[in-house]
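Q: Residues per chain are reported as follows:
Protein chains: 2
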Amino acid sequence: MKYINGGVCAARGFKANGIYCGIRRNRSKRDLALIFSETPASAAAVYTTNLVKGAPLTVTKRHLENGKAQAVICNSGNANTCNADGIEIAEKMSELAGNALGIDPCDVIVASTGVIGQPLDLSPVAAKMAELVSGLSGEGGGFAAEAIMTTDTRRKEAAVEFTAGGKVCRMGGMAKGSGMIHPNMATMLVFLTTDAAITPEMLRSALSGDVADTFNMISVDGDTSTNDMVAVMANGMAGNAEIASKGPDFDAFREALRSLTVKLCREIAGDGEGATKLLECSVSGAPDKETAKTVAKSVICSSLLKAAMFGADANWGRVLCAIGYSGAAVDPGKIDVAFSSAAGRVDVCAGGAGVPFSEEEAKKILSESEIGILVDLNSGDAAASAWGCDLTYDYVKINGDYRT
Amino acid sequence: MKYINGGVCAARGFKANGIYCGIRRNRSKRDLALIFSETPASAAAVYTTNLVKGAPLTVTKRHLENGKAQAVICNSGNANTCNADGIEIAEKMSELAGNALGIDPCDVIVASTGVIGQPLDLSPVAAKMAELVSGLSGEGGGFAAEAIMTTDTRRKEAAVEFTAGGKVCRMGGMAKGSGMIHPNMATMLVFLTTDAAITPEMLRSALSGDVADTFNMISVDGDTSTNDMVAVMANGMAGNAEIASKGPDFDAFREALRSLTVKLCREIAGDGEGATKLLECSVSGAPDKETAKTVAKSVICSSLLKAAMFGADANWGRVLCAIGYSGAAVDPGKIDVAFSSAAGRVDVCAGGAGVPFSEEEAKKILSESEIGILVDLNSGDAAASAWGCDLTYDYVKINGDYRT
Numbered sequence: 002m003k004y005i006n007g008g009v010c011a012a013r014g015f016k017a018n019g020i021y022c023g024i025r026r027n028r029s030k031r032d033l034a035l036i037f038s039e040t041p042a043s044a045a046a047v048y049t050t051n052l053v054k055g056a057p058l059t060v061t062k063r064h065l066e067n068g069k070a071q072a073v074i075c076n077s078g079n080a081n082t083c084n085a086d087g088i089e090i091a092e093k094m095s096e097l098a099g100n101a102l103g104i105d106p107c108d109v110i111v112a113s114t115g116v117i118g119q120p121l122d123l124s125p126v127a128a129k130m131a132e133l134v135s136g137l138s139g140e141g142g143g144f145a146a147e148a149i150m151t152t153d154t155r156r157k158e159a160a161v162e163f164t165a166g167g168k169v170c171r172m173g174g175m176a177k178g179s180g181m182i183h184p185n186m187a188t189m190l191v192f193l194t195t196d197a198a199i200t201p202e203m204l205r206s207a208l209s210g211d212v213a214d215t216f217n218m219i220s221v222d223g224d225t226s227t228n229d230m231v232a233v234m235a236n237g238m239a240g241n242a243e244i245a246s247k248g249p250d251f252d253a254f255r256e257a258l259r260s261l262t263v264k265l266c267r268e269i270a271g272d273g274e275g276a277t278k279l280l281e282c283s284v285s286g287a288p289d290k291e292t293a294k295t296v297a298k299s300v301i302c303s304s305l306l307k308a309a310m311f312g313a314d315a316n317w318g319r320v321l322c323a324i325g326y327s328g329a330a331v332d333p334g335k336i337d338v339a340f341s342s343a344a345g346r347v348d349v350c351a352g353g354a355g356v357p358f359s360e361e362e363a364k365k366i367l368s369e370s371e372i373g374i375l376v377d378l379n380s381g382d383a384a385a386s387a388w389g390c391d392l393t394y395d396y397v398k399i400n401g402d403y404r405t
Numbered sequence: 002m003k004y005i006n007g008g009v010c011a012a013r014g015f016k017a018n019g020i021y022c023g024i025r026r027n028r029s030k031r032d033l034a035l036i037f038s039e040t041p042a043s044a045a046a047v048y049t050t051n052l053v054k055g056a057p058l059t060v061t062k063r064h065l066e067n068g069k070a071q072a073v074i075c076n077s078g079n080a081n082t083c084n085a086d087g088i089e090i091a092e093k094m095s096e097l098a099g100n101a102l103g104i105d106p107c108d109v110i111v112a113s114t115g116v117i118g119q120p121l122d123l124s125p126v127a128a129k130m131a132e133l134v135s136g137l138s139g140e141g142g143g144f145a146a147e148a149i150m151t152t153d154t155r156r157k158e159a160a161v162e163f164t165a166g167g168k169v170c171r172m173g174g175m176a177k178g179s180g181m182i183h184p185n186m187a188t189m190l191v192f193l194t195t196d197a198a199i200t201p202e203m204l205r206s207a208l209s210g211d212v213a214d215t216f217n218m219i220s221v222d223g224d225t226s227t228n229d230m231v232a233v234m235a236n237g238m239a240g241n242a243e244i245a246s247k248g249p250d251f252d253a254f255r256e257a258l259r260s261l262t263v264k265l266c267r268e269i270a271g272d273g274e275g276a277t278k279l280l281e282c283s284v285s286g287a288p289d290k291e292t293a294k295t296v297a298k299s300v301i302c303s304s305l306l307k308a309a310m311f312g313a314d315a316n317w318g319r320v321l322c323a324i325g326y327s328g329a330a331v332d333p334g335k336i337d338v339a340f341s342s343a344a345g346r347v348d349v350c351a352g353g354a355g356v357p358f359s360e361e362e363a364k365k366i367l368s369e370s371e372i373g374i375l376v377d378l379n380s381g382d383a384a385a386s387a388w389g390c391d392l393t394y395d396y397v398k399i400n401g402d403y404r405t
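Line order of the protein sequences matches chains X and F.
Numbering-wise, the first sequence is residues 2 to 405 according to the numbering used here.
Numbering-wise, the second sequence is residues 2 to 405 according to the numbering used here.
Same shape as in the complex, but just chain X:
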């Protein structure tokens, strides 16, 4: 397995495009993305657990019942959520894409992201669909990744190459953050493509097993979006024997998927709204995986710790505090805490009590752009990681007046 360049077009047979169609007022920002597979693909998705669900999710879920898809259409600027005609609009959007591509509208994955509760007018989508389709190309992944951005400051793409059944397979993806990020049993907008051959059932199994440890372990602001979705299409063009059961090929597939999703997780967390730093909390020594995950996520979610990291302040008491209210059954008297970064590592707490450390050294370490928060519970062998970002003035600025 190795990382390669590219995104959703890294795998064979996938084309993409992203254009400005007019949903947003800002003409300099693309707002409509399309991904297309030359051949029908196995497909699977996981969705937000928010009871208030974007209408596109309901439609996509229906379209993926047969485990097949061939395209993704996604707009930014409007979430098509909490609108009376949302379902109808999402169906219509699939139809516009399906008809222009010459495929069954039921083989289209549809998604929307942006403001909640404002009717989505499809006339800009209808007017520009021909242009969107005619511009599809193997080099269009970057345009598509830009078109799904909301408050993201940069596009998020990643790709990997791996071997399954003796064939070289590729897998790529794109993602968008960057606020309302606190997935729970589902995640933000992520579209993955692969040329590996795999059955819909095994694809679904691989995806749902993966997100529990990756996209569900990110938090930007504790708000779980109404429109979170991770969808994957596998078109089989790598020519490997179809992965239809557990075994070495499935393991290789899962390993590639994990490498890809962890990279996208770090991209999403590091580009959280207003973020200046990526935070990664690594918990070890837990009695079981659930405890490790609960502790890691609680630390990553603490507003107080996030603000301290912004200020490069080694306020480890806030780490202990967040562990204490996490709900996990831990012994505070056994906890060790350290901070790390490219500039080094500093131990700040041992056995639940402070240890002397150089404030100057700590400041240097916490001034880097990627910070590790290392927690050892000293109570077992299980481990987990969670990703987040610091809390900054700009988070407040971005969210104080998002709609206008």
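Please note that the accuracy of each hint is not assured.
One copy or any two copies: either way a pair holds, since identical chains are not told apart in the list.
Here are the computed lysine-lysine pairs in the DSSO-like style, where the Cα-Cα straight-line distance is at most 30 Å [unchecked claim]:
(1) Lys30 <-> Lys364
(2) Lys168 <-> Lys398
(3) Lys398 <-> Lys365
(4) Lys3 <-> Lys365
(5) Lys335 <-> Lys30
(6) Lys168 <-> Lys3
(7) Lys335 <-> Lys93
(8) Lys62 <-> Lys335
To be clear, the hints were calculated from the coordinates, so they are not data collected in a lab.
Keeping the supplied structure of chain X fixed, place chain F upon it in accordance with the hints.
A: Same frame as chain X, but now just chain F:
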């Protein structure tokens, strides 16, 4: 029942004082508070559910096992938490106060608030204890309220007068916020005093019944402190027949307690770190009380909504979103939302979908300093309120570098 002036000295027989002793570096801020009852009092307290508990809580819990107390000693500037010698230090602090007051150290409630994980040196407390005690007076409640402040911008006091057993009783209190405020089955530092006669058992029952609907329904930042505590002393000097069971007197006591604690809740939430606005989310039409509470608290805790309120942005989609991920079983299609303030009321969502409203009017309403977020679930008769504040640049500023 009526509100009266004053705080912890409003009830007969209570004296207080607050001085600068030297725990803080800033000499202009009082850091040591004392409350004293002329006679032994029934006493009760509730504590944080954080597994990482401040040492003073452990000591206070032990001291209140017999349901009696006569004094409160509390310092700010250092939480005496996550220190190897914490328990010993908290016991020693009770002793210093008890000896100076001529009472059993076990009748002292001890508390600390401030930075976690830094050893608490008691020499400033020992050196100034005589001064603290000699300055006790019926006018010292304000000084005590100032001495427990951390990042609070103003002292928080309230008092009420009520009748029990034909006698006029008084009850007063002081509180401190203003970050790490997200109590769960307990609360931040609140000290209440009353001259009503009531048994320790009934006092405990009244207090624990009250906090579930008041202090546990506040959130500033989602962080549950290690040192949260609400303690109450009742010295009986009003001369009413001791309240020893349920009945009209107990009801009057509870009503007075509720009025007092709701006022302090609003004070704490409105003075949350960096806050410019008090937010009150009132949920009605819920199938049961728990649902109403869950929904109200989820809305109040949403970072995205809090930032929108700072910007006076009527982004009601974030209210729906927070209800959707609250974990409460609600029907999104039945939810109505409105915003209100002294400037009026604007309905923004009906039956889960947006309704047209004047942005100008909404801006005017949301520019006030106290904002109501009114949610009707249209699914029953239960209701609940939660209190919080907006998320501002200053929250980040205050918490980006708290220790230095």
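Q: Now tell me, hint by hint, if it's right for this structure.
A: Hint-by-hint comparison with the structure:
1. When the C-alpha separation of Lys30 and Lys364 is checked against a cutoff of 30 Å, the pair qualifies only between copies, where the shortest distance is 27 Å, while the shortest distance within a copy is 38 Å.
2. In the homo-oligomer, the alpha carbons of Lys168 and Lys398 never lie at most 30 Å apart, since the shortest distance is 49 Å inside one protomer and 54 Å across protomers.
3. Proximity of Lys398 to Lys365 under the C-alpha cut-off of 30 Å is found in both arrangements, the shortest distances being 27 Å within a copy and 20 Å between copies.
4. Within a single copy, Lys3 and Lys365 get their C-alpha atoms no closer than 32 Å, and across copies no closer than 56 Å, so neither meets the 30 Å cut-off.
5. Taking CA atoms no more than 30 Å apart as the test, Lys335 paired with Lys30 passes in neither setting, with 51 Å inside one copy and 35 Å between copies.
6. Proximity of Lys168 to Lys3 under the C-alpha cut-off of 30 Å is restricted to the intra-copy arrangement: shortest distance 14 Å within a copy versus 81 Å between copies.
7. Taking identical chains as interchangeable, the C-alpha atoms of Lys335 and Lys93 lie at most 30 Å apart only when they sit on different chains, with a minimum of 25 Å there against 57 Å within one chain.
8. For a Cα distance limit of 30 Å, the shortest separation of Lys62 from Lys335 across copies, 23 Å, qualifies, whereas the shortest one inside one copy, 45 Å, does not.
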